[in-house]
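Can you make the complete structure from the sequences, with help from the hints?
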Amino acid sequence: AQKITQTQPGMFVQEKEAVTLDCTYDTSDPSYGLFWYKQPSSGEMIFLIYQGSYDQQNATEGRYSLNFQKARKSANLVISASQLGDSAMYFCAMRDQPNSGYSTLTFGKGTMLLVSP
Amino acid sequence: DARVTQTPRHKVTEMGQEVTMRCQPILGHNTVFWYRQTMMQGLELLAYFRNRAPLDDSGMPKDRFSAEMPDATLATLKIQPSEPRDSAVYFCASGSQTEAFFGQGTRLTVV
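As given, the protein sequences belong to chains W and H, one line each in that order. Read left to right, the first sequence gives residues 1 to 117 (this note's numbering). Read left to right, the second sequence gives residues 118 to 228 (this note's numbering).
The set of hints was computed from the structure by calculation and includes no laboratory data. Possibly wrong hints are sitting among the right ones.
Here are the simulated distance ranges between beta carbons [stated by the list, open to error]: (1) H/Pro125 x W/Gln57: 38 to 44 Å; (2) H/Arg126 x W/Met112: 36 to 42 Å; (3) W/Pro40 x H/Ser204: 18 to 24 Å; (4) H/Ser213 x W/Met112: 28 to 34 Å.
Listed below are several chain H residues computed to face chain W (Cβ distance under 10 Å; list not exhaustive) [unchecked claim]: (5) Gly145; (6) Phe150; (7) Leu162.
The C-beta atom is built at its ideal place from N, Cα and C for all residues, glycine as well.
This is the structure we're talking about:
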């Protein structure tokens, strides 16, 4: 069963506008972590932001914030004031934390974001 | 500035040859992952180590792939013999429960 779903294959946004990239997840574990990565055309995977399931506040890192809605099992990435350099593929990932201690990092299929001038 | 280091960055090899990819995880991280990325399959988990012990290598073709972590500063992924369908970008990532950083990847081309 797919654990991470990113329903938007592609998104377009104009420079300086905000954009939300969707991510829903599926887990039965009460303890888990959600990650977002950026992959520009250069190919590197850049860690952007982390949200723990028990965190009281939504995570923020500069222009990136995570809209965490636990009951809906969604962890959307919000990029404020988009820049041309934000054009990239964005991946949502989850690491659940079962009592077994075995927990890999499972990725969604990604969303391609294009920022236009 | 701590980072995950992968070598080589690019590798072109002939079918049937052995390929070894190396990864130096970030000091202090207890988890190492190997992923393969292709256009068709996206990011696939190949192997997962915690505290140097292999916990999952079910994503690897066992007859040709092997992953080891001989010490805390080195993880290796080996393909023997390599095949054209192994052409992909191979990423190593290291982390803890709250962070996971990727190396720059090894772009492998098997001709």
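Checking against the hints above, which ones are violated? Failing hints, ascending: 2, 5.
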